[in-house]
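I would like the entire structure built from these sequences, with the hints used as guidance.
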Amino acid sequence: MTPSRLSRRKMLQAAGALAGTGGFLRLAIRPAAATPEMMQEAVRNAVGEAPIKKGKVKIDLPPLVENGNSVPCTVSVDSPMTRADHVKAIHIFNEKNPQPNVISVQLGPRAGRAAFSTRIRLADTQTVTAIAEMSDGTCWSDDIYVIVTLAACIEEPN
Amino acid sequence: MARALIHVPATAKRGEIIEIKTLISHVMETGYRIGVTGAPIPRDIITDFVCTYDGEKVFRARLFPAIAANPYITFFTVATASGTLTFSWTDQHGATQVQTAAITVE
Amino acid sequence: MAPRRPKDRAPRRPKDRAALLVIASLVCSTAFAADIPLEQRRSDDAFVSADTRAMQDDDTANPGMLAVLDGETLWQEKAGASGKSCADCHGDAAKSMRGVAVRYPAVLSGQDHPVDLEERINMSRVADQKAAALPFESKNLLALTVYVARQSRGLPIAVADDTRSHTFIAAGRALFNNRQGQLNLSCAQCHDDNWGKRLAGNLVPQAQPTGYPIYRLEWQELGSLQRRLRNCMSAMRAEPYPYEAPELVDLEYFLMWRARGLTMETPAVRP
Numbered sequence: 022m023t024p025s026r027l028s029r030r031k032m033l034q035a036a037g038a039l040a041g042t043g044g045f046l047r048l049a050i051r052p053a054a055a056t057p058e059m060m061q062e063a064v065r066n067a068v069g070e071a072p073i074k075k076g077k078v079k080i081d082l083p084p085l086v087e088n089g090n091s092v093p094c095t096v097s098v099d100s101p102m103t104r105a106d107h108v109k110a111i112h113i114f115n116e117k118n119p120q121p122n123v124i125s126v127q128l129g130p131r132a133g134r135a136a137f138s139t140r141i142r143l144a145d146t147q148t149v150t151a152i153a154e155m156s157d158g159t160c161w162s163d164d165i166y167v168i169v170t171l172a173a174c175i176e177e178p179n
Numbered sequence: 009m010a011r012a013l014i015h016v017p018a019t020a021k022r023g024e025i026i027e028i029k030t031l032i033s034h035v036m037e038t039g040y041r042i043g044v045t046g047a048p049i050p051r052d053i054i055t056d057f058v059c060t061y062d063g064e065k066v067f068r069a070r071l072f073p074a075i076a077a078n079p080y081i082t083f084f085t086v087a088t089a090s091g092t093l094t095f096s097w098t099d100q101h102g103a104t105q106v107q108t109a110a111i112t113v114e
Numbered sequence: 002m003a004p005r006r007p008k009d010r011a012p013r014r015p016k017d018r019a020a021l022l023v024i025a026s027l028v029c030s031t032a033f034a035a036d037i038p039l040e041q042r043r044s045d046d047a048f049v050s051a052d053t054r055a056m057q058d059d060d061t062a063n064p065g066m067l068a069v070l071d072g073e074t075l076w077q078e079k080a081g082a083s084g085k086s087c088a089d090c091h092g093d094a095a096k097s098m099r100g101v102a103v104r105y106p107a108v109l110s111g112q113d114h115p116v117d118l119e120e121r122i123n124m125s126r127v128a129d130q131k132a133a134a135l136p137f138e139s140k141n142l143l144a145l146t147v148y149v150a151r152q153s154r155g156l157p158i159a160v161a162d163d164t165r166s167h168t169f170i171a172a173g174r175a176l177f178n179n180r181q182g183q184l185n186l187s188c189a190q191c192h193d194d195n196w197g198k199r200l201a202g203n204l205v206p207q208a209q210p211t212g213y214p215i216y217r218l219e220w221q222e223l224g225s226l227q228r229r230l231r232n233c234m235s236a237m238r239a240e241p242y243p244y245e246a247p248e249l250v251d252l253e254y255f256l257m258w259r260a261r262g263l264t265m266e267t268p269a270v271r272p
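Line by line, the protein sequences are chains A, B and C. Note that my numbering numbers the first sequence so that position 104 is 125, with each residue one more than the last. Note that my numbering numbers the second sequence so that position 14 is 22, with each residue one more than the last. Note that my numbering numbers the third sequence so that position 200 is 201, with each residue one more than the last.
Treat the hints with caution; some may be incorrect.
What the hints assert, rightly or not - Straight-line distance between alpha carbons at most 25 Å, and here's what the computed DMTMM-like set of lysine to aspartate or glutamate pairs gives: (1) A:Lys79 / B:Asp56; (2) B:Lys29 / C:Asp60; (3) C:Lys140 / B:Asp52; (4) B:Lys29 / A:Asp157; (5) A:Lys117 / B:Glu24; (6) B:Lys29 / C:Asp71; (7) C:Lys140 / C:Asp93; (8) C:Lys131 / C:Asp113; (9) A:Lys109 / B:Asp62; (10) B:Lys21 / A:Asp81; (11) B:Lys65 / A:Asp145; (12) C:Lys198 / C:Asp93; (13) B:Lys29 / C:Glu219; (14) B:Lys29 / C:Asp58; (15) A:Lys109 / B:Glu27; (16) A:Lys117 / C:Glu219; (17) A:Lys109 / B:Asp99; (18) B:Lys65 / A:Glu116; (19) A:Lys117 / C:Asp52; (20) C:Lys140 / B:Glu64; (21) B:Lys21 / A:Asp99; (22) A:Lys77 / B:Asp62; (23) B:Lys21 / C:Asp93; (24) B:Lys29 / C:Asp52; (25) B:Lys29 / C:Asp59; (26) A:Lys117 / B:Asp56; (27) C:Lys198 / A:Asp145; (28) B:Lys29 / C:Asp113; (29) B:Lys65 / A:Asp99.
The set of hints was computed from the structure by calculation and includes no laboratory data.
This is the structure in structure tokens:
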């Protein structure tokens, strides 16, 4: 894990640069939704300038989300997970939540299988992207478009 | 101490790939929700999760506010030796909670 | 719908006919949507996504189980002036509490109104443990309730339906069928007449309370049936009854009676 790559400072810089005048103030109180550009910035922060190719990675999310507060998400990468050839890291990004990062996972040959599951929050209908960094330095990705509706019965907070 | 549920198979064969499931009680407050007073509810999230087994960190995750409340993470690891798996969750304030599970590897 | 009287049996005298029309219109205006036929009744888990069902069925993935563990700890904790824990009198909950949750709400002997499981637990805390009642919808009361209810998982719902409970079930039924709020909707219109159809991204369930307290994804925490009913009333733009209102308990009683025979699945996971 290289936390410095995903530092809050870098994130705020990216957000500030994109937000422009007035926008940054809005961001501080109640952030506007992230934009696809913010997501690209976050991706570059995570994996550097390596070219990202589609393939080897599979991200699984239900195409119609029942409730955006908790969406089951699985990422798996086709890899032998040997010392010579394995997945080093898997990152998940989104484009419409207030923040583009979802989770960053570090693996190694001890994993045996390059796959993990979790439950994520999705604020709106959007594309969710998974990027895998391999031990040979290459990056691979997959994305999925997911529909998120508001709950049918909107209620006041308890 | 937040309540946590961990599933590690009690026994495994050497070299077998086992699935580990973890669930911990935590509100994962994003910091974006507006409270009843009109002010945002401050962020309060778990930021790091690490599993250590047989002397090595075998799985690490950096969590962001987009992880749902009561974080549920499942992953795989190779059963190398009998012993204790250690799971630690650290929140944004640096507080860490550690829990363990034992495995017998034949 | 109230059955129509066949034409050849209509009364001849105008006064009687008028009386009958009045009665008929009254019956029709409070006309119950037809009860769901017994064999068509399904748990609400038949209307959630496969992922949500999978989350409920896996005890390591179900966040409600975290609260069950909390309840297990509370069960062992000494409380109040008595210095006793639940376990001191009730022993192993898996044995002593099995079959309890499926019988609530209930009209207990010596009482003139039904209580639900949360209230029954508080009654014991106050009378037997000599401790303060736990606030309704508090984390601790929910944890104890889900722990007790969990012991009935797999059992059929079996609330009493007898002379003592009859009035309350009928009162609950009337609430269920009553149009209310700005939208002028009744529970029955969605849950008896339109279950299985879509409302936004979700399927409308029958509203069978087989898994309470539930982990609701919308709340991101555990909550009681009363909370769910109050939320639904707000969503219908009706003024919700306050917690522990007799109306809520009557409605709970009717709903559990309506779900009689269905299997308890606490803690359920719902969207």
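Hint check results:
1. A:Lys79 / B:Asp56: OK: A:Lys79 and B:Asp56 at ~24 Å, within 25 Å.
2. B:Lys29 / C:Asp60: Holds. B:Lys29 to C:Asp60 sits at ~10 Å (cutoff 25 Å).
3. C:Lys140 / B:Asp52: holds (19 Å)
4. B:Lys29 / A:Asp157: Between B:Lys29 and A:Asp157 the Cα gap is close to 29 Å, so the pair fails against 25 Å, i.e. violated.
5. A:Lys117 / B:Glu24: violated (39 Å)
6. B:Lys29 / C:Asp71: Holds, at roughly 19 Å.
7. C:Lys140 / C:Asp93: Measuring from Cα to Cα gives roughly 22 Å; hence the hint holds.
8. C:Lys131 / C:Asp113: Holds: C:Lys131 and C:Asp113 sit about 23 Å apart, inside 25 Å.
9. A:Lys109 / B:Asp62: This hinted pair holds, its Cα atoms lying about 19 Å apart.
10. B:Lys21 / A:Asp81: violated (29 Å)
11. B:Lys65 / A:Asp145: Answer violated: B:Lys65 to A:Asp145 is near 35 Å, above 25 Å.
12. C:Lys198 / C:Asp93: Cα-Cα ~43 Å, so violated.
13. B:Lys29 / C:Glu219: Holds: B:Lys29 and C:Glu219 sit about 23 Å apart, inside 25 Å.
14. B:Lys29 / C:Asp58: holds (14 Å)
15. A:Lys109 / B:Glu27: Given pair A:Lys109, B:Glu27 holds - Cα atoms ~18 Å apart, limit 25 Å.
16. A:Lys117 / C:Glu219: holds (19 Å)
17. A:Lys109 / B:Asp99: holds (23 Å)
18. B:Lys65 / A:Glu116: Cα-Cα ~30 Å, so violated.
19. A:Lys117 / C:Asp52: Measuring from Cα to Cα gives roughly 23 Å; hence the hint holds.
20. C:Lys140 / B:Glu64: The hint is violated at about 37 Å.
21. B:Lys21 / A:Asp99: Given that 25 Å is the threshold and the Cα spacing comes to 23 Å, the pair holds.
22. A:Lys77 / B:Asp62: Not OK: A:Lys77 and B:Asp62 at ~29 Å, beyond 25 Å, violated.
23. B:Lys21 / C:Asp93: violated (36 Å)
24. B:Lys29 / C:Asp52: Holds, at roughly 16 Å.
25. B:Lys29 / C:Asp59: holds (10 Å)
26. A:Lys117 / B:Asp56: Holds - the C-alpha atoms of B:Asp56 and A:Lys117 are around 23 Å apart, at most 25 Å.
27. C:Lys198 / A:Asp145: holds (23 Å)
28. B:Lys29 / C:Asp113: Distance ~48 Å between B:Lys29 and C:Asp113 Cα, so the pair is violated.
29. B:Lys65 / A:Asp99: holds (22 Å)
In summary, the structure is inconsistent with hints 4, 5, 10, 11, 12, 18, 20, 22, 23 and 28 from the numbered list given earlier, while agreeing with the others.
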